[in-house]
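Protein chains in written order, with our numbering: chain A, -2 to 336; chain B, -2 to 336; chain C, -2 to 336; chain D, -2 to 336.
Certain hints may be false.
Identical copies look the same in the list; a pair holds intra-copy or inter-copy alike.
To be verified - Below, in silico cross-link-like pairs of lysine-lysine (DSBU-like), each with a Cα-Cα straight-line distance of 35 Å or less: (1) Lys43 - Lys289; (2) Lys289 - Lys178; (3) Lys120 - Lys252; (4) Lys147 - Lys19; (5) Lys155 - Lys289; (6) Lys39 - Lys120.
Honestly, the hints are just simulated from the structure, not real lab data.
Protein chains: 4
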Amino acid sequence: MASFRNDYGVLAHPKILEAICKYGSEENTPYGHDTHSRNAAKAIRKAFGCPKSTDVHFLAGGTQTNMVVISGLLRPYEAVISCDSGHINVHETGAVEGQGIKVITVPGVDGKLNAAQIEAVVKRHIDEHMVLPKMVYISDSTETGTIYAKEELLQIRKACDKYGLYLYIDGARIGSALTCKACDHGPELIGQVADVFYVGGTKNGLPLGEALVINNDELKPHFRHLLKNKGAMLAKGYLLGIEFEEAFHNDLYWKLARHANEMAESLRNGLTELGFEPIPSPTNQVFLRLDKDRAEAIIAEFGCERWEEGEEEETIRFVTSFATDKEDLKRLFTFLQMI
Amino acid sequence: MASFRNDYGVLAHPKILEAICKYGSEENTPYGHDTHSRNAAKAIRKAFGCPKSTDVHFLAGGTQTNMVVISGLLRPYEAVISCDSGHINVHETGAVEGQGIKVITVPGVDGKLNAAQIEAVVKRHIDEHMVLPKMVYISDSTETGTIYAKEELLQIRKACDKYGLYLYIDGARIGSALTCKACDHGPELIGQVADVFYVGGTKNGLPLGEALVINNDELKPHFRHLLKNKGAMLAKGYLLGIEFEEAFHNDLYWKLARHANEMAESLRNGLTELGFEPIPSPTNQVFLRLDKDRAEAIIAEFGCERWEEGEEEETIRFVTSFATDKEDLKRLFTFLQMI
Amino acid sequence: MASFRNDYGVLAHPKILEAICKYGSEENTPYGHDTHSRNAAKAIRKAFGCPKSTDVHFLAGGTQTNMVVISGLLRPYEAVISCDSGHINVHETGAVEGQGIKVITVPGVDGKLNAAQIEAVVKRHIDEHMVLPKMVYISDSTETGTIYAKEELLQIRKACDKYGLYLYIDGARIGSALTCKACDHGPELIGQVADVFYVGGTKNGLPLGEALVINNDELKPHFRHLLKNKGAMLAKGYLLGIEFEEAFHNDLYWKLARHANEMAESLRNGLTELGFEPIPSPTNQVFLRLDKDRAEAIIAEFGCERWEEGEEEETIRFVTSFATDKEDLKRLFTFLQMI
Amino acid sequence: MASFRNDYGVLAHPKILEAICKYGSEENTPYGHDTHSRNAAKAIRKAFGCPKSTDVHFLAGGTQTNMVVISGLLRPYEAVISCDSGHINVHETGAVEGQGIKVITVPGVDGKLNAAQIEAVVKRHIDEHMVLPKMVYISDSTETGTIYAKEELLQIRKACDKYGLYLYIDGARIGSALTCKACDHGPELIGQVADVFYVGGTKNGLPLGEALVINNDELKPHFRHLLKNKGAMLAKGYLLGIEFEEAFHNDLYWKLARHANEMAESLRNGLTELGFEPIPSPTNQVFLRLDKDRAEAIIAEFGCERWEEGEEEETIRFVTSFATDKEDLKRLFTFLQMI
């Protein structure tokens, strides 16, 4: 049983827990130098079509990963370009700026930024009295549940190449993005266009952990020093190795994400049948705009988030996950019929 | 079966894993606002004799905790005083300085600093051209396995009071310190003298996690903002809550630490019987100085750490943990008889 | 003779240079503990109606002052609110973020922010996943030459009081703001509403230097430690003392600013007479939108800045200063008649 | 007339002031893009035997320069090696750590570090749990008035080459070092061995300013962005250009330094004749150990610094400068005969 508050309210899929217990009394080399982490890295490289030379590191959480990657790879005068709704700009308590890097924002359309905006930012930053744009940050799926199409990613990559920018993809919900029906490409495209990206575990059935993938050779040296310097290296790193090894065994990672997407689709369909008008979105976040009274009633019962408040209406967010099941939907629909 | 390399080579005690599995499919409020974290906080306050007003936060690892506490609570021009062998000074890749705070070091005696040294440091820092000492950092047990006696802690506290310094105790191995035979005080003394301290989970049978305890009211406001800002707030914070709840249920935490100490004592006794001369130390780290040939042979077989290298001799470190058992000792002793 | 490029192209007013030479071989206590600095502080307190308890420090430049004040007085998770056109957001190469503080921007109207926007920002930052707004940054005169009216300042102060925010006024061009015809208040209002503000020297006839005025008691302790920690304390601080002592002797500071404003007014009038349509603005920056050909011709001859580029037109900026004289205007007008 | 407190108590040599006044009403391009700065850079390159490709930047003060260079050129996990008596370690209020970089200290002999110590530090820092030594910082002349011999500098350079370290020389008193009788090399050696060094103006007759010289191509890109980002770029940068242009015209810089050294030598000789035993030192700092009563009497009269306090004796420091003259010495000697 799960509410619809978020996709990290239930600890882990049983198979992940089983794997953790299976290796619970085994001795492992600490700090990520263990067999499980190596296996997991190999599986992730394969899943995203990355060569052997690609580095994979495991970190505890998403904000930490964004903080380490962005502040660790840029110089003090360089900046990252993000959509104004980007997680780093809104919901990370200034973690990126906290480590010294300015976030340049552009207004998002459907939670996304585009190649033209990147170009415009670069052209506006003309001299040493302004920061030097050096990285583009995008989330896929985005904070509003949308995804990037193949052509959009290729255009962004092209803009990055043209202006010498790194492309960093925040994949906290990359599983949901890549397994949703609307997605027009496979994981390899991510592996191909991104200089660096992470594969989110926390929001897809793992107790914790994000797998950071570094393709660009320039960004690889001494990254383990950086992890330690930013407090992001776990002594028992093999815990993350075990989790991701299991997640990428038998496609569990993709199955969990697909399940969450399917539950979201059922939710959107059910809402529509009941006369509601959910905002169209392809992944595991469902947004609904409705009158305040009913919105608050739903929030009280199902823990949804208030996404946007208006005078008479508000937008609320439902999130599905590996742990959402048909009973959860049924409970919700029953409730909605009564209000 | 465990080597003697460190106390974080085996994931977790079975009881901790059981608890994790037990709550694995339960829904919990994220970011540490869950019942397990509340229960764990309560149990920790009780164990260390802290009042209800004391704050407890759960973080992923020790370096992270040191980094957040020291850099988050001091101002840019303030500094922390540490023993030269202190973990923050040697083995954290400059994480504290990385966040902007200078570590003032004093030469340790048996890995410890004392009240007189604190006083001397304060008196030497006389004007605005020097940093302003504002915090004292000690580890208990220390990096060399020694512990602080009651009187030493009280004297340090007195010096801190005299000069307006915060006392911060790094308790990565506080379990081992407090349960060893030589310890002349209970956990309450830690709760009483420290402005802020942490109770180490990673090195005492938990998969990950450190419980940070804040006694001083000045240091409490907005600490959760700080955690997020430094990438140290886990979405599934209840994982840490579950672990510590179980650890402080039925004294498991203390039992595991006591077991590690007993194994260390058996190790020291066995070494002595075999004609070796281990350096006396009361906790779960055992240091042995011997000729290079035998030292290297032991390292190759048991993964001990090279602690200090000399021309002809070297000091190696054995560490015991909750996972060390009599078979491990037997294997070691058999090996030692052969070299 | 001066171009119209900026107000810092000529080193200093002769009276300032005289003062510097007068005291050039005198011995002074270093690091700002000298008589001249004390005299200057006293005169500045008096000019802005501040009590004796107000602290005054002298720094070398504006970006440095903004960097030290904002990052030094806020905690890592706190943020400063600025107009999007604010100097700290656009033209300081991320100096504020570089020291760890996020700048929250709001869209400026005439280069200004208002009390309602402050309130909206505060209300949007609701929990520990977002930064905590703690300071409001405004420039007066603004980056586009506008000024804050008395009522606007009082409303902003009220919003700051309501939400526990510090008000920081960047006075790089405070002289021009306070001496322009449109200004409806005296310097005392600045001294009254601001927790901290600076009185710009560099852009008003001094070789270098900004006088930082701290009214709020909370912000005073250890500020000299902070200055040194950020590399902002000059050994020969008495140079700045001498400059500001002279600047606030016989109202020289105000006279120079008034002169710059008068030259700007003559410039606006002259432009209008010649059929141009300068954008109305009350201080020493004059903006003119015109066709590209003529704009570029003026830039080439007078070093004006390209302020905004459009398809067929562009906006250019003329700046007047203490060094601008009638001959400069005549040269410009003659040139404009020919293009 | 000058006391013996320091070498920055008198603003500037008259010739420097003349130059400033001469160009005081001239219009110049701001931010260091002016003719005077270019001329000064050229003269400095020539004086130190550097090629045209060497970059020269002008900053306001020494702590600022150290802060920008060290923190701007190293990555977060890299560290700088310094003598324990190094200015960055003692008298800069943690400015280097404040920007995120750890200072690794080694015990100085006569205020100097040597190649063997560098090698030992590098060998001790073996993995990602420790910082990565990447820069060596030395002051010449040192904080205790000593200088590096040619052979010492070459050995340090060799160690830096062997381990891939940058050599950074703090030349706050490089004039005094290079013009003292004991110096066995010319300025070209500094230009040859250092990756980056600065030529101190503040302590050698200039009102303010240090000329930073970057030889190593790796360290040149975007340095102006860095200056601005750290609040270290002056709008009226041509002030520093004018000062250094004059300082390196007709060898004024070297003459002023030589004068300070000669005054120091006369001081040491005079002290010896009067029966005192000054600690031998070749440059413009003179150290004298004597009984407390007389030490305090001298301090009270001449503003010398207390350098080291003992039970019955203390060491005081006299500093001479361009402004010290024979009358100052005579006054001192007369006083010493009376106590």
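So, going through the hints one by one against the coordinates:
no.: 1; hint: Lys43 - Lys289; in the structure: neither (47 Å within a copy, 44 Å between copies)
no.: 2; hint: Lys289 - Lys178; in the structure: within (32 Å within a copy, 50 Å between copies)
no.: 3; hint: Lys120 - Lys252; in the structure: neither (43 Å within a copy, 40 Å between copies)
no.: 4; hint: Lys147 - Lys19; in the structure: neither (39 Å within a copy, 42 Å between copies)
no.: 5; hint: Lys155 - Lys289; in the structure: between (44 Å within a copy, 31 Å between copies)
no.: 6; hint: Lys39 - Lys120; in the structure: between (39 Å within a copy, 33 Å between copies)
Of the numbered hints listed earlier, those contradicted by the structure are 1, 3 and 4.
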